[in-house]
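Undergrad: Letter by letter, the chains look like this.
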Amino acid sequence: DAKTTQPNSMESNEEEPVHLPCNHSTISGTDYIHWYRQLPSQGPEYVIHGLTSNVNNRMASLAIAEDRKSSTLILHRATLRDAAVYYCILRDVYSNQGGKLIFGQGTELSVKP
Amino acid sequence: GAVVSQHPSRVICKSGTSVKIECRSLDFQATTMFWYRQFPKQSLMLMATSNEGSKATYEQGVEKDKFLINHASLTLSTLTVTSAHPEDSSFYICSAPTGQAWGTDTQYFGPGTRLTVL
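Chains A and B are the protein sequences, given in the same order.
Just so we're aligned: 90 in my numbering is position 90 of the first sequence, and the numbers increase by one with no gaps anywhere.
Just so we're aligned: 74 in my numbering is position 74 of the second sequence, and the numbers increase by one with no gaps anywhere.
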């Protein structure tokens, strides 16, 4: 699966929107963009995924650049409970990797009250 | 959503002993499960793919004789750390995919098991 690049850390204020960027310049046409997050001392949890169009769910929104070389996870109103490490991962639908996830370093988001 | 449990949540053992960690999919069947290890302040590292009814597939550099994986049913995978040493102390996490096509499937993760080897 293609590689992603994320900032190591970001800060946000509570109740403000947060935009978490991810660069994936070598993305292929069959790569889906997935986001997971890991709260302290817990297993990761799925946040959102998309292919080309922007996606929304109850947790977040995913904005995908037109050339798909970058994407942004948007938390509309950050809460203290959103403090976590956010991982951007590419998943190739035709991958022979058997469905496994390969985690990069992710972005550690801190939220200030 | 689907739930994956792990047991125990934390375990402390003496050097040289073996420790078994269970991973269960509570409301869905999982023919495949994954085991990860995470050291403090580091990302998750995939250790192996657990396959129901067949041998596990280990990632490069992971000792298969030290980390024994058994996937005896569609809802249970176990990881046994044999002859544990202090350097095996880590956070062990399992996951199970939803079974959709690989690009679109999502994975459910267990809460993790904190292993401390004295």
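FYI, nobody ran anything at the bench for these hints, they're computed from the structure.
If you're wondering where the values come from, they're calculated on a predicted model, not measured in any experiment.
Incorrect hints may have been included.
When the alpha-carbon atoms are kept at most 20 Å apart in a straight line, the in silico EDC-like pairs for lysine to aspartate or glutamate are as follows [claimed, not checked]:
1. A:K100 to B:D105
2. B:K41 to A:D92
3. A:K100 to B:E59
4. B:K41 to A:E11
5. A:K100 to B:E87
6. B:K14 to B:E87
7. A:K3 to B:E87
8. B:K14 to B:D105
9. B:K20 to B:D105
10. B:K41 to A:E45
11. A:K3 to B:E59
12. B:K55 to B:E87
13. A:K100 to A:E45
14. B:K41 to B:E52
Undergrad: List in ascending order the numbers of the hints, as given earlier, that are violated by the structure.
TA: Numbers 2, 5, 7, 8, 9, 12 and 14 - these are the hints that the structure violates, sorted from lowest upward.
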